[in-house]
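Construct the entire structure; sequences and hints are all you get.
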Amino acid sequence: MTYGFYFNGTRCTGCKTCVLACKDKNDLSESINFRNVYEYGGGTWTKGNDGCWTNDTFAYSVSVACNHCDMPVCMANCPQGAIEKDADTGAVRSDPEKCIGCGTCANACPYGAPKVDTEIMKSVKCDMCADKVAAGEKPVCVEACPLRALDFGDIDELRATYGDVAELAPLPAASETSPNLVITPPATAKPAGDTTGAVLNPREIS
Amino acid sequence: MTITKEHSLSRRTFMKGSALAGLGAAAVGTAGLFGCAPATDSGAAGGGLADTAAVEEKVCWGHCSVNCETRCALRFHVVDDEVKWVETDNTGNDEYGDHQLRACQRGRTIRRWLNHPDRLNVPMKRVGKRGEGKFEEISWDEAIETIASEYRRILDAYGPESVYVQYASGVNAGNIGGFLNRLVNMNGGCLGRYGSYSSAQISQALPFLYGGRAANGNSDVANSKLVVLFGDNSCETKMSGAGPTYHYMQGLEKSGAKVIVVDPRYTDTAAVHADQWIAIRPGTDAALVDACAYVMITEDLVDHDFLSTYCIGYDDATMPEELRGTGASYVDYITGKGADATPKTPEWAAAITLVPAATIEALAREIATAKPCAIYQGKGPQRRGNGEQTARAICMLAVLTGNVGINGGNTGSDLDGYYMPAWFGVPAEDNPVEVSIASFTWTDAVDHGEQMTATRDGVRGADKLSVPIKMIWNYAGNCMTNQHGDINHAHEVLSDESKCEFIVLWDTFMTDSAKYADILLPDLMAVEQPNIIQSEYAGNMAYYIAGDAITSPKFERRTLYSVLTDVADKLGQKEAFTEGLDEMGWLRRIYEEQALPGDPGAPTFDEMMEQHIYKKQCPEGEHVAFKDFRDDPEANPLETPSGKIEIYSQALMDTVADWELAEGDLIHPLPVYCPEAEGYADPLAEKYPLQLTGFHFKGRTHSSYGCIEVLKAANPQELWMNPLDAEERSIVDGDTVRVTNDRGTVEIVVKVTPRIIPGTVAMGQGAWHDADMSGDKVDRGGCINTLTSHRPSPYAKANPQHTNLVEVARA
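Protein chains in written order, with our numbering: chain B, 190 to 395; chain E, 2 to 812.
Just so you know, the hints here were simulated from the structure itself, not pulled from any lab data.
Check each hint, because a few of them may be wrong.
When the alpha-carbon atoms are kept at most 27 Å apart in a straight line, the in silico DSSO-like pairs for lysine-lysine are as follows [said to hold, decoys possible]:
id	chain 1	residue 1	chain 2	residue 2
1	E	K688	E	K130
2	B	K327	E	K616
3	B	K311	E	K465
4	E	K713	B	K304
Here's what the structure looks like:
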């Protein structure tokens, strides 16, 4: 079975509970997030002859971690062969014994999932809470979400339930890595590659 | 912590797992619905069980107790008396209506608060000048002796009216904070206070309209066709998975109602829910309402039956007899037949609100024709210099359209919910002192209390104060400076040690307020002592959360109760104060005596402490405010003088008839727009052309959690500014800027974003003030109250903390 994440953009308020719950469980510092919430938005303002404003502002939140891709570019690019994909779960994992912390995976991943922990000089990232999943539970981010906007499970079942959308701005085209991700786009969603908006919270991402 | 058990686990696996993955890797479990239960070794607990060392792992329940207005469950994984990681409620099947009480990002970082290296550990006394932040460790004996003797000295010299218990909301647990008032009331009481920093204007304005402040539970939007939110930003203020944000989401998914958000900011609430965002100039919501009323009246879209049956003051027919024909009714005012002879047309409002007239017309028609329509306001619109008028005015949209007292409608007030049958707390007995001040005016009462009067300053219970405040008790609050208006002014008042002579303050950190303590005491957090909390604003599902101390007290930290018990002992009142009970004894008593009698279905105390969560559905399905009145207005009149909705309030005008209002302050008998002092039209805008509004920020609850590094990194303190305003000032996103007015200067990073109306900048409130108060006083912590005013609002004499004029420049 291959596991994947589901993200419901019509429910996500951008509250970042997923990010902080993950940081608590994994004891991460300020500078490393295994999951990030992107604020994507844009819009322009126009002043009318009456002095009043009109605008077409939009914004939405996208919560994303490692998507344990079917074509993991982190794995393909790792010079040490340290990254492998678990045959049973689909989890993409880095072997700390082999990893030299060169950061190639971090640069290669279009989702920004792997990070180099400079204290231990190893690549670190979401392991889909392997311990919890093995115990029949869901990852901590999923259990944490106040809006029940995240889910996790057999990717085939997720796709059967929620469809097969796996991309929207600011995420890359799904064809790049075949992520095990299903998305319900928010009403104002823009397509992957959109240039009408921008990530509005760059200083919150790490 | 009723059950603990040795639990075998490979120490080696445990340590290996924890290096990267925290203890979550070692001990995640489904155990622990009851008591502090041993966690199971499910998951990664593998490894050779032969090679084991005993590791005691417990899962203890508690709650996040800060004042965001929801309450959330936390499950603490405790090893060797240390919290290692924290889950939220993950029990049950999470079906909506019996859903998990999931905490938000704030609660999920509570471990970093509990274990923070900067926590206060020992009692201290001030050694420098007050406010310098210089302290010296003392013994508990010295602390208790000093508190008891100073308290007695001040009582003897100035009397109980000189004693003040500061407004504070950092600990919300029914069995904890109330002990302070219990002790004080046993000693003659204290100067009372009315109104909160949260909702003073709306709380005191709406009784003139409705006889009280009430709203439907917001889960009731499941029955709405249209939902209009004025400054309601629950998705950032009350983010939890048990409170209004979750209920809005569930309710709106069910009803499919259209949502319109009226707000200066494109908030996260607008981003996730709004079909339409109406960007409005801060402080002008009432003008928007007036113009909507104009459209509804002139196009005959109002609910005449409702207005004639349930209301007075709409038109001449229901005005007080002596005022008929004088142009004083609501219709007269709106249509231009009143004293100002100004029709409140959409064009009139457009110039004030910056909302195009066509947008206003469409909004009015949409509200009038969608049945039912739910009008809600947040507490932002009322936290202003004209907040009392704004709060009443927004409600008029519900009144004009007859949406009051029905499912899917609302009163126009801020959202409410279903509550447990009884609210419980430590019996504090009555305060023997009958004189009170508005909470926000305490700096005036310290500075020149003897000059404060009923008619000018809102003193209640006497014509004037007889004595200034000479002693302040402050338990788990940050309103001495950080959360009060005009920090630099508060600093001047408090640092004069001849004015307030003694300040005793409890906290877990050296907050900005703590720097002004004379005696500073290290508190235990609510989850480090027996704790129980009742839900607040929880839609149609009320609940309790209960827990015991998750760890033993560390360092010399003590509970409020144990400290006050020692103070009472010094005062010769220990028996009367404690009645022979410890913390758990009080918890049992208040639960059994207050909670149980009104709710036969509730668990016993022992059951409650075992099951930790008790949920109860609203018996009527949804809480609908004033439903009885709507169903039968004769049998169930409102608590207004007429028993009806008083659009024209003679009672308000009678109350303020002899008041002396400050220049620019307005109180109107009708719920209509009034300009505010330091509003956009104030001449001061020539010098400070930008309006600055605060908002409740995701990364904190007020100032609570404000020092947690991972939250600060994920939610950086930034000034929101529209690209047009930024361009005009050569400012780009990420710049450090200075925000300045005559009261102070804040240095802060700017977020240039289209998500805010031009001409307005916004700053999340509650960031920790960080300034050299003996130097330039520039606040590099980004605390908005460096810039806010301590001038109170016209009627409630409350905090106008969103009404500010500033200029912004690159630092």
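*So which of those numbered hints doesn't the model satisfy?*
1 and 3
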